[in-house]
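Taken in order, these protein sequences are the chains called R and E.
Residues in the first sequence are numbered from 3 upward in steps of one, following this note's numbering.
Residues in the second sequence are numbered from 116 upward in steps of one, following this note's numbering.
If you are wondering where the hints come from, they were derived from the structure by calculation, not from laboratory data.
On a predicted model such as this, the values are computed, not experimentally measured, just so you know.
Each residue gets a CB set at the ideal place from its N, CA and C atoms; glycine is no exception.
You may find that some hints are simply not true.
As a list, the in silico BS3-like pairs of lysine-lysine whose alpha-carbon atoms are at most 25 Å apart [to be verified]:
id, chain 1, residue 1, chain 2, residue 2
1, R, 14, R, 203
2, R, 14, E, 199
3, E, 151, R, 147
4, E, 284, E, 237
A short, non-exhaustive set of chain R residues, derived as facing chain E with CB atoms under 8 Å [unchecked claim]:
id, residue
5, 18
6, 19
7, 20
8, 22
9, 27
10, 29
11, 31
12, 32
13, 141
14, 142
15, 145
16, 155
17, 156
18, 212
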Amino acid sequence: MAEYIKLIDLTKCTGCRACQVACKQWNELPAENTGFTGSLQNPADLSYDTWTLIRYDEFEKGSGVNWIMRHDACMHCDWPACVKACPSPGALVKTDTGAVVHDSKFCIGCKACIVACPFDIPRYSKKEENIAKCTLCYNRIIDGKAPACVTACPTGTLQFGPKADMLAKAHAQAKAVGGTVYPSNPNYETHVLYIMPAEVKLAALQHVNPDPKMPTTILWWKNLFKPFTLIGMGGVAGMAALHYFIKGPHKVEEKEEGGEADG
Amino acid sequence: MNISRRGFLKLSGGTLAAAGIGASVGVRTASAQPLKVRYAKEVPTICPYCAVGCGIIAHVSNGKVINTEGDPNHPVNRGSLCSKGSALYQIPNNDKRLDKVLYRAPGADSWTQVSWDWALDKIARNVKTARDKGFVKTNSKGEVVNRVENIASLGGAGLDNEEVYSLVKFKRALGLVYIEHQARI
């Protein structure tokens, strides 16, 4: 199956939160009790029951203050740190559509993905002892439908399509509006792309990683320490067997009399 | 069989290289849940919430609405919806919705549960009494107007297109002129 990309054109977002509601509706997620925070952002953060969220940031434009509304959800990395870190096979899976899918059946709730994620997306539920995150509506896209958030978006901010088309579209659109494409790290591609308006500085936005990359600690752990531990364990067992064949079983020799005095 | 220290280091180094410092994570097919709307009947409807009138597809399975989403073939919205329209699913499926008839008598401070038959009879009787009392056949110029000025109607935003059509027909037939909607107040 082809790889897909979700393109988020922030120059078009009006912050209507249709994507946020559509996500809850399709995934049958319950509402949350929220309060006033001084911002229009509601709920205040992603959670086990909120997989996508419109984040409201302010920036100065001319003499006034402007909003920048940002659809925040899983970025569906091409080389996902969460999948790399996950110790339970099948709990986090990178699919051939590009979507990184979580399966609660296999999840052991170890929270390794939460530590690994460069975008701080997975959320843990103490009650369910499980994590949850956006799945790019994997069951919809393999059936030829766009994700629920993209289907609902009334302004054309969210677009969905095959990888090559969307990449070309992203760069053409970014050029047309004088903005940039985020994330722009060629070594850490994602299946979600943003078109950032020119006047917005990435560092000023909340919950954005200006330089997303695979955490080095995960690479050390998974590619060096873990195989080394396995080699070590295998080596100990192998050497013990080798010793048995070469030297034979351990024989207890009787002590000669008149040795050390009992202590 | 003897393995020298050098040989052991070579072997383990080779295994490490095979594990690959930058090895990619394997691509797999996730065990996706089957699409919940695959065998559902699609019923087109109109979003009740505002005057834009976006098209919505209600997916119905075994007589229950199991999903609602924007109708991609509808010329008004072409599949998109706002946050209110996206939440339409909770109109038919809501555990906070009243499922019994409650009645508060004039002057009473509490609600009592009554039957549908009793409530409908009561409403019909009150409408008849009020209409008989307030029916205006002609205005001050002597023109025939046939209107009822002492009953007003307030519609709710959860009423859909077809429900509103039949309700307004009914109210106009009674002669009502004060017909309002919650969304305009």
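We went through each hint and held it up to the structure:
Annotation: proposed proximity of residue 14 of chain R to residue 203 of chain R holds, straight-line Cα distance about 17 Å (limit 25 Å). Annotation: proposed proximity of residue 14 of chain R to residue 199 of chain E holds, straight-line Cα distance about 19 Å (limit 25 Å). For the given pair, residue 151 of chain E sits about 13 Å from residue 147 of chain R by alpha-carbon distance, which is consistent with the 25 Å threshold. Between residue 284 of chain E and residue 237 of chain E the CA atoms are separated by roughly 21 Å; this keeps the pair inside 25 Å, and the hint holds.
A least Cβ separation of about 5 Å between residue 18 of chain R and chain E falls short of the 8 Å threshold, and the interface hint therefore holds. Proximity of residue 19 of chain R to chain E holds as hinted, the smallest CB-CB distance being about 4 Å (cut-off 8 Å). The interface hint given for residue 20 of chain R holds, since its Cβ lies 5 Å from the closest Cβ of chain E, which is under the 8 Å cut-off. A least Cβ separation of about 7 Å between residue 22 of chain R and chain E falls short of the 8 Å threshold, and the interface hint therefore holds.
A hinted interface residue such as residue 27 of chain R counts as satisfied when its beta carbon comes closer than 8 Å to some beta carbon of chain E; here the least separation is about 5 Å, so the hint holds. With its C-beta approaching chain E no nearer than about 10 Å, residue 29 of chain R sits outside the 8 Å limit, and its interface hint is violated. For residue 31 of chain R, the suggested interface contact is broken, since its CB lies about 12 Å from the closest CB of chain E, more than 8 Å. About 11 Å separates the beta-carbon of residue 32 of chain R from the nearest beta-carbon of chain E, more than 8 Å, and the hint is not met.
Contact between residue 141 of chain R and chain E, as hinted, is supported at the beta carbon level, the nearest pair being about 4 Å apart and thus within 8 Å. The interface hint given for residue 142 of chain R holds, since its Cβ lies 7 Å from the closest Cβ of chain E, which is under the 8 Å cut-off. With a cut of 8 Å, the hint placing residue 145 of chain R at the interface with chain E holds, because the nearest CB-to-CB distance is about 5 Å. Interface restraint check for residue 155 of chain R: the shortest CB-CB distance to chain E comes to about 6 Å, inside 8 Å, so the restraint holds.
The restraint placing residue 156 of chain R at the interface with chain E holds, with a minimum CB-CB distance near 4 Å, inside the 8 Å limit. Restraint check, residue 212 of chain R versus chain E: the minimum CB separation of about 22 Å is more than 8 Å; hint violated.
In summary, the numbered hints that this structure violates are 10, 11, 12, 18.
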